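Residue numbers (the numbering used here), protein chains in the order written: chain A, 185 to 398; chain B, 185 to 398.
Source of the hints: derived by calculation from the structure; they are not laboratory data. No experiment lies behind these values; they were computed from the predicted model shown. Check each hint, because a few of them may be wrong.
Heads up, the list lumps identical chains together, so a pair's fine if it works in one copy or across two of them.
[Stated by the list, open to error] In silico SDA-like cross-links for lysine to any residue, where the CA-CA straight-line distance does not exceed 20 Å: (1) LYS258 - ARG366; (2) LYS276 - GLY330; (3) LYS276 - ARG377; (4) LYS276 - GLN345; (5) LYS258 - PRO238; (6) LYS276 - GLN227; (7) LYS276 - THR396; (8) LYS258 - ALA211; (9) LYS276 - ASP209; (10) LYS258 - VAL356; (11) LYS258 - GLY223; (12) LYS258 - ARG304; (13) LYS258 - SER224.
Number of protein chains: 2
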Amino acid sequence: MDFFDVVTTTRAIRRYRPDPIPEDDLARIFHAATRAPSGSNSQPFHFLVLRDGPRAVEARQLLGSAFRSAWSAKRADDGYDSGSGADPTSRKSRMAASMQHFVDHIHEAPIIVLALLRHRHAGHFTEGASVYPACQNLLLAARALGYGGVITMWHQPVAAQLVELLEIPPDVSLAATIPLGRPIGHHGPVRRRPLASLISEDTYPHPAPWATDP
Amino acid sequence: MDFFDVVTTTRAIRRYRPDPIPEDDLARIFHAATRAPSGSNSQPFHFLVLRDGPRAVEARQLLGSAFRSAWSAKRADDGYDSGSGADPTSRKSRMAASMQHFVDHIHEAPIIVLALLRHRHAGHFTEGASVYPACQNLLLAARALGYGGVITMWHQPVAAQLVELLEIPPDVSLAATIPLGRPIGHHGPVRRRPLASLISEDTYPHPAPWATDP
């Protein structure tokens, strides 16, 4: 696929067909992921892949319960069932239904990737520059091969259990959970704010005259 | 360009031709950047572009001095001039010469992008998931159009001065400085560790049998 077609159509995918991902495709996806930059090219990122191994099966159960409780809390806190959420045809209701399906089936995703980061600077947010570029490469490469996924943080309630179960060392943190698979249904648009609201020139938030959506 | 050609050949570029970047290319690069995912699709990232505006000229001078002092400290701390660094043909010496050129000319880069992040969670490293995917999209899109750049953190010594000069609000942080331009000289290989050392399956660091470089 052409680069700009990939980068402008990659969106969060939360419903997956059950088909396993061929290993040649896994190799291409993770090769692309690991070409990403990191601080001083030190590559402190690592990807732990959960398929059907014995620990993977246990980890999937832990993730399923964590995702369901995280979504349940967000559903209530963000009022997904009130206002326009009461109308099942509203965008809010459809989003809620999609999220409910996601958390009810997350444990069945063809693969679940745990993105890991070996720490050097005690968790400052700029450390993310050494792992999230690789996560983005992963999602783009998946898209280029017809797969989809999403970066989530909903492993956080069971992070300690996952660390123990999966033998993750103490100086390595969970940076993201990324399920991957072939999308069910149509792919849908990428919804983002207009370019003009996200770019400034010279001072903040002085508009850049050239920052218009192509 | 084909997606996989872009993603496997994007590398840090630190020497730029002086040619300005046409505004159509800027729009395409930043459109691609801003299609990236972020937590709850909230898009807390923002890009502040420095070209030749009055504040940009001042900011470039600040960045130049910060980059030169940061590199000077790293050059000494990491022993770039000792060991094989004493041999001007060694890889270490060539790296040092390239970095010296970079910091001596950073203020002249055709554009310098400051990646910004509006904070929600007080600086935890996972917040980086809402800005560094966009930075990676930016670098890949630049590569696809024949440009190159690098994610750096060397703005940090002058972060407070930049915030004041560029009128960056108090809840917005500098996440990265990314100079961009057409590369001088040949593009060079992407040096990364083998895939097998960066991927595990089932437990950490259990090897994934399919994780071999393509």
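Here is how each hint holds up against the structure:
{"no.": "1", "hint": "LYS258 - ARG366", "verdict": "neither (26 Å within a copy, 45 Å between copies)"}
{"no.": "2", "hint": "LYS276 - GLY330", "verdict": "neither (27 Å within a copy, 41 Å between copies)"}
{"no.": "3", "hint": "LYS276 - ARG377", "verdict": "within (18 Å within a copy, 44 Å between copies)"}
{"no.": "4", "hint": "LYS276 - GLN345", "verdict": "neither (33 Å within a copy, 43 Å between copies)"}
{"no.": "5", "hint": "LYS258 - PRO238", "verdict": "neither (31 Å within a copy, 45 Å between copies)"}
{"no.": "6", "hint": "LYS276 - GLN227", "verdict": "between (39 Å within a copy, 18 Å between copies)"}
{"no.": "7", "hint": "LYS276 - THR396", "verdict": "neither (28 Å within a copy, 43 Å between copies)"}
{"no.": "8", "hint": "LYS258 - ALA211", "verdict": "neither (35 Å within a copy, 35 Å between copies)"}
{"no.": "9", "hint": "LYS276 - ASP209", "verdict": "neither (34 Å within a copy, 36 Å between copies)"}
{"no.": "10", "hint": "LYS258 - VAL356", "verdict": "neither (27 Å within a copy, 25 Å between copies)"}
{"no.": "11", "hint": "LYS258 - GLY223", "verdict": "between (34 Å within a copy, 13 Å between copies)"}
{"no.": "12", "hint": "LYS258 - ARG304", "verdict": "between (32 Å within a copy, 16 Å between copies)"}
{"no.": "13", "hint": "LYS258 - SER224", "verdict": "between (37 Å within a copy, 11 Å between copies)"}
Checked against the numbered hints listed earlier, the structure breaks hints 1, 2, 4, 5, 7, 8, 9, 10; every other hint is satisfied.
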